[in-house]
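Chains as they are written, first to last, in full-length UniProt numbering: chain P, 1 to 47; chain E, 1 to 241; chain B, 1 to 218.
Think of the hints as simulated: they come from the structure by calculation, not from any bench. Certain hints may be false.
[Stated by the list, open to error] Sample of chain B residues lacking proximity to chain E, with all beta carbon distances greater than 12 Å (derived):
(1) Gly20
(2) Ala24
(3) Val33
(4) Asp40
(5) Val47
(6) Val54
(7) Leu58
(8) Ala81
(9) Ala83
(10) Pro86
(11) Leu194
[To be verified] Listed next, the stretches of chain E that the computed footprint assigns to chain P, with coverage defined by at least 3 CB atoms under 8 Å from CB atoms of chain P:
(12) 52-64
(13) 98-111
(14) 209-221
Ideal Cβ positions, reconstructed from N, Cα and C, are used throughout, including at glycine.
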Amino acid sequence: MIDLGKYAATVWLAYGVGLALLAGLIWQTVAANARARRALEEHDKNG
Amino acid sequence: MSIWEYANPTKFMRTTDGLLPWLVAGAAVCCVGGLVWGFLTPQDFRQGSTVKIVFLHVPAAMMAINIWVMMLVASLIWIIRRHHVSALAAKAAAPIGAVMTLIALATGAIWGQPMWGTWWEWDPRLTSFLILFLFYVGYIALWSAVEDPDSAADLTGVLCLVGSVFALLSRYAVLFWNQGLHQGASLSVAPGERMSAVYRYPLYLSMLGFMLLFLALVLIRTRTEIRRRRLAALQAREMRA
Amino acid sequence: MIALLIRDLRLATRAGGGFGLGVAFFLVLSALVPFGIGPDRAALAPVAPGILWVGALLACLLSLDRIFALDHEDGSLDLLATAPLPLEGTVAVKALAHWITTGLPLILAAPVFGVLLQLPPAAMPWLVLSLLLGTPALSMLGAFGAAITVGLRRGGLLLSLLVLPLYIPTLIFGAEVTRRGAEGAAVQTPLVFLAGITLAAAALIPFAAAAALRINLR
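Next comes chain P alone, as it looks inside the complex:
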């Protein structure tokens, strides 16, 4: 494990918050895309 010294909490918090925001954005993007694709496929099947 890499030693972060006295600022360990700060670094972990910054990476945690930053990566969480990124992950949320990516998840939302992929989920919305899948939803749109499914809706379109459903429509094609029925119509």
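Following the hints, put chains E and B in place on chain P, whose structure we already have.
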């Protein structure tokens, strides 16, 4: 209905379909590589281990500004050439830009806490980013408020133009208003002011990663918008039939 | 153009036109601030320039949606759009009418509220001058926001969200003039910037606002 509605988006979908896997892979490799490499860099003699935050903070801040510029260009293309994909790309980019601004602000606040002894300071750079965030929020809100998609694209395009001027104006007004704590540009070409190579190369990689990540995300989001539009167009046609 | 200006002024000043609402709001705000901060003169005086400017800005915001909304509802906006007067001119006149009915009363009332907030007497002329130079830009930018949101349901809240960030430069320089005036420092630089923003807004914003109106009337 214009020809672009079907012809051009179809081509866009086909092109991006082949391109996306490469982009996603590139973004993943560069982002993970840059961040992990950055995380393993030695401690700075002054800032200690907090220097590692730079590998998230600077690329996010860079993208926050670049995405607004990209939206401006896309809006101009839409207003001048009436390219539907362009308008949708501007729409797709806005939430990414807002999140990037938020990451820059959040990591900056967390970094500022031990370095400057405060979470928030009304420093020109911080304030400008807060203002930029407000502009993103207004832009996104306008997109979701207008029902007719073409009017929404036009109105947000005009807002983006005016907003760009005022975002720039605010930047300089804020500079006049308060001189700050924030250090100057992180990447300077002038020798002597440069960051040491130990930090510079992982930072470049991380920036490249964020750039590719943005490209991948904006393409996926544009595809989502195109699919939604197509579905709405098909449904509207059935309603008429 | 003059006829349109007079018509708008008449509409705004007759009963139900909302004339004076902005000033009343400004008064209430100025009266509320000491309750929040405390009656201490030493605490109020330093924040007074900022509070007065923010108050004027918010009061200005209140009546923005009326610039085009009423004309849009009864269809006279469509008539104005097809009238020989260019839509840019219409926008400019309407912004001017908004300034006369909202901005001017605010400027006249501001020194009184300045007294309420313990604004140093030295700052009074600078407060009035900065408002005089700055509020036309607020009306102009407001007309742009109103033009963008004119056709929307629940446009009012969105209007504030869109317009307030655009007000930031004006607010910064306007409050800076007043603050420097209170301290007896040189005010020329922010004053020139303030005037520059107003002139640029008056010259360029009508085109953007007219473009937004045309989109909304399509």
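Now for the hints, and whether the structure bears them out:
no. : hint    : result
1   : Gly20   : holds (29 Å)
2   : Ala24   : holds (28 Å)
3   : Val33   : holds (20 Å)
4   : Asp40   : holds (23 Å)
5   : Val47   : holds (14 Å)
6   : Val54   : holds (14 Å)
7   : Leu58   : holds (16 Å)
8   : Ala81   : holds (15 Å)
9   : Ala83   : holds (22 Å)
10  : Pro86   : holds (17 Å)
11  : Leu194  : violated (10 Å)
12  : 52-64   : holds (count 5)
13  : 98-111  : holds (count 7)
14  : 209-221 : holds (count 4)
Hint check: a violation occurs at hint 11 only; the rest are consistent with the structure.
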